[in-house]
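Whole structure, please, built from the sequences with the hints as guidance.
2 protein chains.
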Amino acid sequence: MTEPDKPRGAATIHDVARAAGVSIGTVSKALNATGSLSENTRKRVMDTVRSLNFRPNTLARSLHTGLSGSVGLISNDSFGRFTMPIMEGLEGVLSQSSIGVFMVNATDDADRERAHLDQLLAKQIDGLIVTARRADRRPSVDLRGLGLPVIYVFSQGDTPGGLTLLPDDQGGAWLATDHLIRRGRRRIAHVTGPRDFEAVRLRAEGWREALAAANLDPGPLMHGSWTEAWGRAATAQLMSGPTRPDAIVCGNDLIARGCADALREAGIVCPTEVALTGFDNWTVMAEACRPALTSVDMNLIQLGAEAGQKMTQMIKGAEASGTLRLPCTLVVRDST
Amino acid sequence: MTEPDKPRGAATIHDVARAAGVSIGTVSKALNATGSLSENTRKRVMDTVRSLNFRPNTLARSLHTGLSGSVGLISNDSFGRFTMPIMEGLEGVLSQSSIGVFMVNATDDADRERAHLDQLLAKQIDGLIVTARRADRRPSVDLRGLGLPVIYVFSQGDTPGGLTLLPDDQGGAWLATDHLIRRGRRRIAHVTGPRDFEAVRLRAEGWREALAAANLDPGPLMHGSWTEAWGRAATAQLMSGPTRPDAIVCGNDLIARGCADALREAGIVCPTEVALTGFDNWTVMAEACRPALTSVDMNLIQLGAEAGQKMTQMIKGAEASGTLRLPCTLVVRDST
DNA sequence: TTGAAAGCGCTAACAT
DNA sequence: ATGTTAGCGCTTTCAA
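Read top to bottom, the protein sequences are chains X and Z. Residue numbers for the first sequence follow the working numbering, beginning at 1128 and rising by one. Residue numbers for the second sequence follow the working numbering, beginning at 1128 and rising by one.
Worth flagging that the hints you see were computed from the coordinates, not collected in a lab. Since we're looking at a predicted model, the values are computed, not measured.
To be clear about the criterion: a stretch of chain X counts as covered by chain Z if any three or more of its residues have a C-beta under 8 Å from a C-beta of chain Z, and this derived list gives those stretches:
#, region
1, 1188-1196
2, 1214-1223
3, 1247-1255
Here a beta-carbon is modelled for each residue, glycine too, at the ideal position from N, C-alpha and C.
Shown next as structure tokens:
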């Protein structure tokens, strides 16, 4: 079917007005369902709108409303593995309100970051979302007093009056540990990442808490890097100790996969002899693991969606601040 | 007419004009370095601009220039692993021209995708970049006759007059194979993904080509899924055959990692007995591999940067079409 | 119920 | 060299 699509020069509200034989004010009212119009002309205008394939220029509209219908997402993660699902959830929600998301990559260079921010502000963004690779990294530019809503997602914002959205790391580790306990495990170790991550501390706390609730002694707690190599090294250590654990709660999926490999290569059967849980539910990793890895999902898509929800409310004027932690979910596979 | 000072709300060009004791036209000229101004007033205006922390409203500017200073990036990949580096390169280049990137997630639902596109067009984007998970998937919405530059990156666009940017898959596989040949390998197999991927065909061609150039017979060519499991299965098959290969060129890093695991578990030493190359240079995967994996890097950041470059030119009116393939790079690690 | 007109913040042609 | 003015495409009073 051929549409009379004018490739050059999009139709303006004047074109519509002329074609419909009304004034531009009337067209505007029809488009926005404001003022009062006879049902008849409203319909006639809308028909013309469709036939001309007219799309109102939102930039011109913004001049009046003061709202651009766009927000900025600034990430220091080079758009990494954690940013993507957050972005997905965020964009999914915001697009329902016709709000666009400008993605910008925060470098470590404060000057460049400032310039980036200025570009966003010049584009009149209605709000700002800040994401980070690790949850306790702070943005290198001061975002206070910008006069627009700021939401920190998966990153720590100490801006007073700002809103921070994080996964419930502690609850997530609790889930995994509790699951193992219910499966009859009694000597549950925790192999995790570097001490200076807040998430590491919280996950350890969740692990400890679940054990305490079941009157079990905590197994060894081992800190290292977020790598498979560390998972393998830690497992070797654990298995050569006096009392072998019968389960390991890992701080992330990479570590868990290292554990799984080390166990298999030592001839220790997982999950029969030692069960294993990961953290992140990084699908490609968890499924490639042998056995497929039970893992804690931080529901980052949800986290992003929640950020989108909050953002639309804040753009409308709602106040929000403080820290919100969203629940994690356990995805059970073959390693438990 | 003029109201008393309102402290809230960003400064406008009027505020600057008043504070500097000039007309708004003069301020505009100073800001854009157009017309002619005395060095003196130019400086005075710019000082006022800084002291008021004035940021010109680009939306208002767009009304004249017809350019919004933003482009859309539409991806059917849920912002996956391949989209992010492309985005990084793209945004890095475009931000230098103060062009913002709207990221939108193309669903498989054509209606929703159409709505998404309409939102972008209503926001007056100056260009569109289309990305995909697999290079031969086509967008579900017709992008022809939009009247704006369209660039397909890592995705096939058959829009005539459109520009497509792809990695040189064939050259990449050639690089890996040639590297193995130079290392003295003679029986080089190829374990890769599903037949119906264009990239699979091209990589196989590059492998074949490099072997032919060295007067070597192609080893077995095996198609399967993009998974570690397939890598393991293929390796088992290869190693039980009559003539073992002394090297395997893999279609991606996951397959290669499966091969590495299978070799190790069969007691075959890599790279001494069988060398291995991957494809994607997915760092976390390649480095976790034992031994660390030599892999072909598609330089997706570069690809994105190139797209950004082309886009700025096309926005300025340059015409470009056809398909451009950018070279891959071999990252040598321990598996060769 | 409709239209005319005054802007939103800015640029650019035209005066002075 | 600087100011004045007419818009860019739209919304929103205010008259008719």
